[in-house]
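Visitor: These are the residues of each chain, in order.
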Amino acid sequence: MEVAITGIGLVSSLGDNPGDILSRIGRGETAIRPLPDPGGVSPCPGYAPILDFDAADFFPENKTLRMMSRDAQLAVVAARRAMENAKISQGELYRPEEIALYGATGLSGIAPREISRLVRGAAADDGSLDLERFGTVALRRTRPVLSFKILSNMPICYVSIFENIRGPNAIFTPWEGNAAQAIAAGIRAVRSGNVPCALVGGCDVKTHTLSIAGLDRLGVFESWLQSGEGTIPGEGAAFLVLENLDHAAARGAKIYARIRSVASRSIDDDESPEDAIAEIFDEITNRPACESIAPNLIVASADGEPRIARAETNAMKQSAFEQTGKIYPKLFLGNTFAAAAPINVALAAKSLHGRIERGSAIASCFGPGGELSAFLLESP
Amino acid sequence: MKRVVVTAIGMISPVGVGREASWSALIAGRSGIGPITRFDASSLPVRIGGEVDPFDEDAIRQRYPNIAKTHDRKVMLGLYAAEEAIADARLSPETLRDAILYVGVGLESIRLEDLTRHAAAEDLGLSLLAAKDEDGWIQTPLDFTASLLGRAYGFRRGRYTNCSACAAGTQVVGQAWEMLREGEANIALAGATDSMINPLGLGGFSLLQALSEENDHPQRACRPFDLSREGTVLGEGATFLVLETLEHAKTRGATPYAEILGYGSSLDAHAVSDPDPAGRGAVDSMRGALRSAKLTPADIDCVSAHGTGTPKNDAVETAAIKEVLGDRALQIPVHAIKSMTGHMIAASGAIESAAAALTVSRRVIPPTINLVEPDPACDLDYVPGTSREFTGRTVLSNSFGFGGQNATLVFGKSG
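As given, the protein sequences belong to chains V and C, one line each in that order.
Residue 112 in the numbering used here sits at position 112 of the first sequence, and the numbers go up by one each step.
Residue 55 in the numbering used here sits at position 55 of the second sequence, and the numbers go up by one each step.
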């Protein structure tokens, strides 16, 4: 059973329309700007925030939305756009239990202002944790909703509530490779005939100081110190509607792309990253019925982090993709981590939409955590 | 489609360290709930929980030197259970290298004491960024358990980290089952680990008013299906299962505990904090599992309930079981091991999956303890007080989570 991409929804620092984003990337426009850094303490020189996003603009009457964390808000808006783009109105085309939902969320990205009251309430004068104050002061100052801003599954659960999706589901975390696994799970659900439709995607917010500090301690920005190059933190959300191809064609849906093959694997510590990436490139292009497909475009995963960029470039050489066109979204959007995989697949799909000649594109997805995936898409 | 069996189990829980100790305690009806001892909880409204004790964290730290930067208890618990499962399976390193790994986890571990020293700063994040002399992690990535297991054993077919809250432990087993059934691999290690027994975890759940505050009677505090139930009790622990295609297990001479027959998952799409009072998500999840197993309600011989002991869950789950199984619900045992372990959040579904597999293989159903006066809205046979012989072939196991995620597995007698 073949799977088609029939809807795309994005919230990104370069805009919300995948065609415009591709054009802006083509013109070299970047959303990356200097990071406000009053003390000169930032581990990276820039960030890529989404400016002027206010969830209330999208759901003005909804109080729940204002109680949600920013990554959940981005997810809900991107998911709504994807469903509208696919022209799937709630309950009309598919019953709620016929739509699967596979999503990904990043490292907890709670904003400093949301947790400051709790932390201040729990601190003794010398800055140590005072458990007596924690129980008697801090907890009493804390709104119960804080837990729902920290729980990693919440953004995707909010998507289910806003879109009334009740089908098979799972939520993966915390990196780009894990988000690619969520997309692969949705493809599996549709391909196996378990459901006719799946909404897949991810969201992440890494643009405030607390989340940048969290990434810094994990060593994500180390290469800036070593070589003056590296990852720029960003934020965003992207969702894709996947449908059984025959079903989509029969209803006259706009089909961005057919998903021809997917390959995923993990990388060992003692393994060359370029060999591992080349292996998944080879796997997707050597599957039965995919051998004759020569990709026109690779939406690359690498950004400024030199080791990753080198590995992907060498893998492309190994797989004889040197002449294939390439775009590097993270160089313009920043690294959106758990949102990066669906953004890459969305841009690959959009690049194929409306083509007169048959074409194909690869979306490459990896990063911290050691999970690699690649998707081979073909024009409908 | 390939048949998939459970060939190994590793388990660490508030009722026992190790599979056999945990299982013996479960069938003896022993509670693992007691006063919190791992930190001073005296100022908190909830001061009880299901702690794993004794547990030698240092032994785990010595085997995994990369663990140094984290204090995340669930990572240690997860590694213990995964290693026990791997040892139980007697798998070669080559087999594990090409296996799938699925790890279910709950809330990211953030230590308050790492933040309070920056409490006076205007911007907490900037202050943390400026503290270049501090090199401990602020947050332990939720994929850290999977990452450590990957470094130790390989799992090159994919290391998946699922954060579907209380449904995670069941979803990881179900997703691994789906992949093996469809031939994506021959073998998988799937399980979950969690510990919320820390100030932020216990405090956060207290705020949600989902926890029992019966601090003076810890062992009686979690009372699924009882009329006087007031809430659940947090527990901690981890469980991993080795899943194999039946063909692979036979080839290497492994003896299965049970076969996984079906899996379903669903969403309430109702509210993040409360279950849908109509139980639609729970019903869909159980029906999905029956459908994928190609079974009818008459084929189900026992239900391992989500059974948290919260007023809302137990009544909704009872009604959902009755809706799905019809008259069969009144004829079969329905039990809740959370009455003994407490709610291990992400890990609950995994330990309940293991308990279901052991029920099938060892022919004993663990009891629901503390059930003295059944709620009239909870009118099934909950195996109160003492364990019971299992004479059937199948067990259906439910997990329902915060956010409205639901998952159900069906286990059957192998062979």
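Calculated directly from the structure, the hints in this document are not laboratory data.
Source: prediction; values computed, not measured.
Beta carbons: idealized from backbone N, C-alpha and C, even for Gly.
Just to be clear, a hint being listed does not mean it is correct.
Said to hold, decoys possible - Across the chosen pairs, the derived CB separations fall in these ranges: (1) V:127 <-> C:68: 48 to 58 Å; (2) V:40 <-> C:277: 46 to 56 Å; (3) C:250 <-> V:357: 16 to 26 Å.
To be verified - Reference excerpt, derived from the structure (chain C facing chain V, CB under 10 Å, subset only): (4) 60; (5) 123; (6) 179; (7) 287; (8) 288; (9) 295; (10) 364; (11) 413.
Said to hold, decoys possible - Stretches of chain C that chain V covers, calculated by requiring three or more beta carbons in the stretch to come under 8 Å of a beta carbon on chain V: (12) 142-154; (13) 197-207; (14) 251-261; (15) 310-322.
Visitor: Each hint needs a verdict: does it hold in this structure or not?
Guide: Against the structure, the hints:
1. V:127 <-> C:68: 48 to 58 Å: The hint (48 to 58 Å, Cβ to Cβ) is violated, given that residue 127 (chain V) and residue 68 (chain C) are roughly 23 Å apart.
2. V:40 <-> C:277: 46 to 56 Å: 54 Å, holds
3. C:250 <-> V:357: 16 to 26 Å: Roughly 51 Å apart at Cβ, these two residues miss the hinted range, so it is violated.
4. 60: 19 Å, violated
5. 123: At about 6 Å, which falls below the 10 Å cut-off, the nearest Cβ of chain V leaves the hint on residue 123 (chain C) intact, so it holds.
6. 179: 8 Å, holds
7. 287: Holds: closest Cβ of chain V sits about 9 Å from residue 287 (chain C), inside 10 Å.
8. 288: Interface hint status for residue 288 (chain C): holds (7 Å vs cutoff 10 Å).
9. 295: Constraint on residue 295 (chain C) not satisfied, violated at 17 Å.
10. 364: 31 Å, violated
11. 413: Violated - the Cβ of residue 413 (chain C) stays beyond 10 Å from chain V, reaching only about 25 Å at its closest.
12. 142-154: holds (count 6)
13. 197-207: Since three or more residues must qualify, the claim that chain V covers the segment 197-207 of chain C holds, with 6 doing so at under 8 Å.
14. 251-261: Contact hint for the segment 251-261 of chain C vs chain V: violated, 0 residues under 8 Å.
15. 310-322: With 0 residues in contact (Cβ-Cβ under 8 Å with chain V), the coverage given for the segment 310-322 of chain C is violated.
The structure is inconsistent with the numbered hints 1, 3, 4, 9, 10, 11, 14 and 15, although it conforms to all the rest.
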